[in-house]
Amino acid sequence: MLSSAAPSISFPFHNHNCNGNGNHHHNYCIAPPRFVIRCAIASASSPKKNKLWKQGEHPGRVSENSSNRRTPIKNIKKKLDRKANLNPWVNTVTEALSESVDVKQWSRALQIFEMLKEQAFYQPKEGTYMKLIVLLGRCGQPKHARHLFDEMIQEGLEPTSQLYTALLAAYCRSNLIDEAFKILNQMKTLPLCQPDVYTFSILMKACVDAARFELVESIYHQMDERSITPNTVTQNTVLAGYGKAGKFQEMEKVLLNMLDSDTYTPDVWTMNTILSLFGNMGDIESMERWYEKLRNFGIEPETRTFNILIGVYGEEQDV
Numbered sequence: 001m002l003s004s005a006a007p008s009i010s011f012p013f014h015n016h017n018c019n020g021n022g023n024h025h026h027n028y029c030i031a032p033p034r035f036v037i038r039c040a041i042a043s044a045s046s047p048k049k050n051k052l053w054k055q056g057e058h059p060g061r062v063s064e065n066s067s068n069r070r071t072p073i074k075n076i077k078k079k080l081d082r083k084a085n086l087n088p089w090v091n092t093v094t095e096a097l098s099e100s101v102d103v104k105q106w107s108r109a110l111q112i113f114e115m116l117k118e119q120a121f122y123q124p125k126e127g128t129y130m131k132l133i134v135l136l137g138r139c140g141q142p143k144h145a146r147h148l149f150d151e152m153i154q155e156g157l158e159p160t161s162q163l164y165t166a167l168l169a170a171y172c173r174s175n176l177i178d179e180a181f182k183i184l185n186q187m188k189t190l191p192l193c194q195p196d197v198y199t200f201s202i203l204m205k206a207c208v209d210a211a212r213f214e215l216v217e218s219i220y221h222q223m224d225e226r227s228i229t230p231n232t233v234t235q236n237t238v239l240a241g242y243g244k245a246g247k248f249q250e251m252e253k254v255l256l257n258m259l260d261s262d263t264y265t266p267d268v269w270t271m272n273t274i275l276s277l278f279g280n281m282g283d284i285e286s287m288e289r290w291y292e293k294l295r296n297f298g299i300e301p302e303t304r305t306f307n308i309l310i311g312v313y314g315e316e317q318d319v
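With full-length UniProt numbering applied, the sequence shown covers 1 to 319.
Quick caveat, the hints were computed from the structure, so don't treat them as lab data.
Because the structure is a prediction, the values reported are computed rather than measured.
Note that the Cβ used here is the ideal one computed from N, Cα and C, for glycine as well.
Keep in mind that the hints are not guaranteed to be accurate.
Below 30 Å or equal to it, Euclidean Cα-Cα: the simulated DSSO-like pairs (lysine-lysine) are [claimed, not checked]:
| id | residue 1 | residue 2 |
| --- | --- | --- |
| 1 | 182 | 104 |
| 2 | 131 | 143 |
| 3 | 117 | 143 |
| 4 | 253 | 188 |
| 5 | 205 | 182 |
| 6 | 125 | 104 |
| 7 | 247 | 205 |
| 8 | 253 | 293 |
| 9 | 182 | 247 |
| 10 | 104 | 117 |
| 11 | 244 | 182 |
| 12 | 182 | 125 |
| 13 | 253 | 205 |
| 14 | 188 | 125 |
| 15 | 117 | 131 |
| 16 | 188 | 143 |
| 17 | 104 | 131 |
| 18 | 244 | 205 |
| 19 | 293 | 247 |
Computed Cβ-Cβ distance ranges for the label pairs, DEER-style [unchecked claim]:
| id | residue 1 | residue 2 | range |
| --- | --- | --- | --- |
| 20 | 157 | 313 | 52 to 60 Å |
| 21 | 162 | 122 | 18 to 26 Å |
| 22 | 221 | 269 | 20 to 28 Å |
| 23 | 301 | 92 | 46 to 54 Å |
| 24 | 283 | 221 | 28 to 36 Å |
Could you build the full structure based on these sequences and the hints that come with them?
As structure tokens, this is what we get:
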């Protein structure tokens, strides 16, 4: 006998979409649309009565348009063929979870994940936790990310540097820099979870965005102690931060270090940042000086570079 079981599972929670700033002030329950997962289950049938009807041969039914319709037997056979290759329940739930992550519906993703953990086939996986922690960080939910991280450890998964960095990034995105430093200090105590250049770069950007420049020098010092060299992207971030804050002496110090480095050399993004900063100040002399110096260094200007120069000279002429 063939039967289909279609359990309806509703979630009495509000579906949160992640907006641009990731702020969610309410965490209460309302009635959402029902989320239904259906799966087909087939049981063994008697070999004597097992007859597969061909299209158009179903008893008592002959239709000239049958070629344009899928018969009930074909529908069931399609489900059975699918079941032979994979578990429909597993496939449906994991697809729903991935879809929620892709569209940044963090609350719905957590609901589906909780349902997934209740199944007999569930096994904790680092990749699943990584995706959810990153999602929660992007949606401004660092506390949920921390809870998920602690839950992962309780389930027996070993933390990694990448997972700790994802958790640290979640706090940085919400401008909780002090909490992020606590995670950094915790990483230092774990031999297999030591911070790397990406960990420090994320923390550096958060400090620059928050104008916590006293912490920037501390991060540089910690990186130097561990023989970790910043990359060009990190240096460009610090460079732009100093410039926007009007700390031009510190900015030029970073720029000179980049010119002397073999690992984090300036690029065209560096050039555009410097020209834009000095141009907006009306310091044409410094802008031209650094343009020539960076050209001599081997950096080729791009279209945006010329647009910056044209804009600055146009404003200067109007004055």
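Hints versus structure:
In summary, the hint linking residue 182 to residue 104 is supported, as the alpha carbons are separated by about 27 Å, within the 30 Å threshold. Restraint check for residue 131 and residue 143: the C-alpha separation of about 16 Å stays at or below 30 Å, so the hint holds. With a CA separation close to 20 Å, the supplied pair residue 117 and residue 143 stays within the 30 Å bound. Note on residue 253 and residue 188: the hinted pairing holds, with a Cα-Cα distance of about 29 Å set against a maximum of 30 Å.
Between residue 205 and residue 182 the alpha-carbon distance is near 17 Å, which keeps this suggested pair within the 30 Å criterion. Restraint check for residue 125 and residue 104: the C-alpha separation of about 20 Å stays at or below 30 Å, so the hint holds. With a C-alpha separation of about 16 Å, the suggested pairing of residue 247 with residue 205 holds against the 30 Å cut-off. A hinted pair counts as satisfied when its Cα atoms are at most 30 Å apart, and residue 253 with residue 293 qualifies at roughly 15 Å.
For the given pair, residue 182 sits about 28 Å from residue 247 by alpha-carbon distance, which is consistent with the 30 Å threshold. Between residue 104 and residue 117 the CA atoms are separated by roughly 20 Å; this keeps the pair inside 30 Å, and the hint holds. For the given pair, residue 244 sits about 28 Å from residue 182 by alpha-carbon distance, which is consistent with the 30 Å threshold. Taking the CA atoms of residue 182 and residue 125, the gap is about 25 Å. The hint holds against a cut of 30 Å.
Straight-line distance between C-alpha atoms of residue 253 and residue 205 comes to about 18 Å, which keeps the hinted pair within the 30 Å bound. For the given pair, residue 188 sits about 24 Å from residue 125 by alpha-carbon distance, which is consistent with the 30 Å threshold. A C-alpha spacing of about 16 Å is found between residue 117 and residue 131, which places the hinted pair at or below 30 Å, so the restraint holds. Straight-line distance between C-alpha atoms of residue 188 and residue 143 comes to about 21 Å, which keeps the hinted pair within the 30 Å bound.
Taking the CA atoms of residue 104 and residue 131, the gap is about 11 Å. The hint holds against a cut of 30 Å. For the suggested pair residue 244 and residue 205, the alpha carbons sit about 14 Å apart, so the restraint of at most 30 Å is met. For the suggested pair residue 293 and residue 247, the alpha carbons sit about 20 Å apart, so the restraint of at most 30 Å is met. Hint check: residue 157 to residue 313, Cβ distance near 58 Å, so the stated range 52 to 60 Å holds.
The supplied range of 18 to 26 Å is met by residue 162 and residue 122, whose beta-carbon atoms lie about 22 Å from each other. The hinted range of 20 to 28 Å is satisfied by residue 221 and residue 269, whose Cβ atoms lie roughly 25 Å apart. Range check, residue 301 to residue 92: Cβ separation about 53 Å, and the 46 to 54 Å hint holds. At about 31 Å, the beta-carbon gap between residue 283 and residue 221 stays in the expected band of 28 to 36 Å.
Comparing the model with each earlier hint shows no violations; every hint is respected.
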